Amino acid sequence: MEERLKRLKNAMNNHTFRQVEFTDIHRQKINQQIEQLQEEDVSKVLLSLLNQAKTGSELIQLLHIRGINGILNNEGTVFTILHEQEQQGVLESYWSENNEKYYKLTKKGQKILQKTMLPKTSGELSVKQLFHKVMPNEN
Amino acid sequence: MEELTYSMVTTANPEELIDELMRTYGQEIQQLVYAYVHNETIAEDLTQEIFVKCYKSLGSFKGKSSIKTWLWRIAINHSKDYLKSWYNQRVKVEDDFSYIVEEQRDSIEQKIIQEDDDAELAYAVMQLPVKYREVIYLYYYEECSIKEIAKLLDINQNTIKTRLRKGKALLKKMLEVPQWKND
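Taken in order, these protein sequences are the chains called W and A. Per the numbering used here: the first sequence = residues 1 to 139. Per the numbering used here: the second sequence = residues 140 to 322.
Only chain A is shown next, with the shape it has when bound in the complex (with noise of 0.2 Å):
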């Protein structure tokens, strides 16, 4: 995954490493984007914005990691500051739209849940609380070691441990627990 260099980004055209940059890592960051704010339009703009200000901040890129972990940087921080912005919190409107998909969408989504066990484990892990959500996604599905994950939320592993362990056990709740089963 390393193969884009601290001598490539000192020495390439910035407009071309960033063409670079969103040619091996675009579907990669708009999932990751995805995985924080659920919803596609969102998680679009997002990494549009994303690789905007990866190039108006190359220049302060150091080195001192990997690019692909600057890169991962800023798009969490980017995902999360989305999540906490007034508009996301305030804007009401929208979320009363959603909320009837949402639950439309449920309803489509808990038909194919039964049928698939893969579809439950991935719905399961998009409702999870982000913090959980993200250490389970970072761990699991991109196969980050602990210090990895450690480096790019800034929080200290003996953290990451706890919460991977307490996402598993919410996530062990929701899967044994089916609504459906209710009925």
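Okay, chain W solo, but in the shape it has when bound (with noise of 0.2 Å):
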């Protein structure tokens, strides 16, 4: 049995795994799936952040802080949230003083807050639940 054994993965190849192929096209499925993750992340906090009034930059340091994937090497993607956001009436902007723009929630914008902070903490305790599963020797 040993002796055949070690064909096994001959013998997988050409039999077992003949159909079984990981093309370009599933790869670039997953990597749309990632983005796609990367803005709803971003769009999250992004809310949860503007109860108050903040400028662009203001934000973009609190994401890093907040080890926020989507904005690693991809900052402006916030601009361009902020700017979705502000079409869709759920932020406002304003220019200060200092000619710097803030950004704020609208009454909608706090409205759709309240809404998402509960799957939110949800998304996040299933994240931890799949580390205690995935690596119970290492945290």
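One should not assume that every hint holds.
[Said to hold, decoys possible] With beta-carbon atoms standing in for the labels, derived distance ranges: (1) Lys-9/W <-> Ser-224/A: 27 to 33 Å; (2) Lys-115/W <-> Asp-255/A: 55 to 61 Å; (3) Lys-9/W <-> Lys-270/A: 19 to 25 Å; (4) Ser-96/W <-> Lys-201/A: 28 to 34 Å; (5) Lys-111/W <-> Ser-205/A: 43 to 49 Å; (6) Tyr-226/A <-> Gln-110/W: 35 to 41 Å; (7) Asp-24/W <-> Thr-298/A: 36 to 42 Å; (8) Lys-115/W <-> Ser-284/A: 31 to 37 Å; (9) Asp-220/A <-> Leu-37/W: 16 to 22 Å; (10) Glu-282/A <-> Ile-25/W: 25 to 31 Å.
Note that these hints are calculated values from the structure, not bench results. Note that the structure is a prediction, hence the values are computed from the model and not measured. Just so it is clear, CB atoms sit at the ideal spot from N, CA and C, and this is done for glycine as well.
Using the supplied hints, reconstruct the complex from the two chains, each of which is provided in its own coordinate frame.
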């Protein structure tokens, strides 16, 4: 049996895995999902930060502090999201005397924030649970 | 295999890191998952979920094991969770269809088996119960050491050795008395 099992790699490659192929299309599909996740992450956190007015650069700093993956090497996305949210009436912006642009939640934005706070907590829980399961010896 | 190091994990853009992981290990992961679930479509879906899960969990990777080990553990646990899941165990509609397909496939595979020793071996391994199949797969296909398997599966080394022995005994039985010779 031992001798025969030495051929298992060959055997499975030629038979079992003949139809199993991880293609570029699969990879791109996953990349798209991740990109979407990143945007969702960033916009959720942005909402939670904008109960009080803040400037774009303050927001970026705070996102970095929170370790939000989606903005690493890609800070521009913050402004894209701010712009979109403003157009949807979630945020409003104004210029201060020092000529800095501030962003703040509108009433509509505050309502949305209250609703999204719940799923956000449960999301964090599930990641913790995952890690408890995946690497109990490593944390 | 350890070309992806901890420093890369901490410095690289997470999006690029996952992309790199997929390029390096995507095929191996999908095969590993297939070895558990024995279904191409499900293996594709689960592989997708596994890499998204990795992305979400990247912040908690501490570099205490290699990133490959970490990725393998996520993949193995995810595949097993699927096998244990309510969906997999209760949704019988799909089973009914696959039963028919399986029957056809069996007879085709039996034909091939008569001609090909390797096919016979590969087929037999995929018929093993999961707890034996996984250790046989990791040891003989992936060429992991007993110690590595113990780490991947969170099971002690003696249990792994026992399962390897029993798995081999089962395989021997399956391969000694091929069904078509009963005719």
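Now for the hints, and whether the structure bears them out:
1. Lys-9/W <-> Ser-224/A: 27 to 33 Å: holds (30 Å)
2. Lys-115/W <-> Asp-255/A: 55 to 61 Å: holds (59 Å)
3. Lys-9/W <-> Lys-270/A: 19 to 25 Å: For Lys-9/W and Lys-270/A the Cβ distance comes to about 21 Å; the hint holds.
4. Ser-96/W <-> Lys-201/A: 28 to 34 Å: Given about 42 Å between the Cβ atoms, the range is violated.
5. Lys-111/W <-> Ser-205/A: 43 to 49 Å: Cβ of Lys-111/W to Cβ of Ser-205/A: about 46 Å, so the range 43 to 49 Å holds.
6. Tyr-226/A <-> Gln-110/W: 35 to 41 Å: Once the Cβ atoms are compared, 38 Å apart, the range 35 to 41 Å for Gln-110/W and Tyr-226/A holds.
7. Asp-24/W <-> Thr-298/A: 36 to 42 Å: holds (39 Å)
8. Lys-115/W <-> Ser-284/A: 31 to 37 Å: Because 51 Å falls outside the window, the suggested range is violated.
9. Asp-220/A <-> Leu-37/W: 16 to 22 Å: holds (20 Å)
10. Glu-282/A <-> Ile-25/W: 25 to 31 Å: holds (29 Å)
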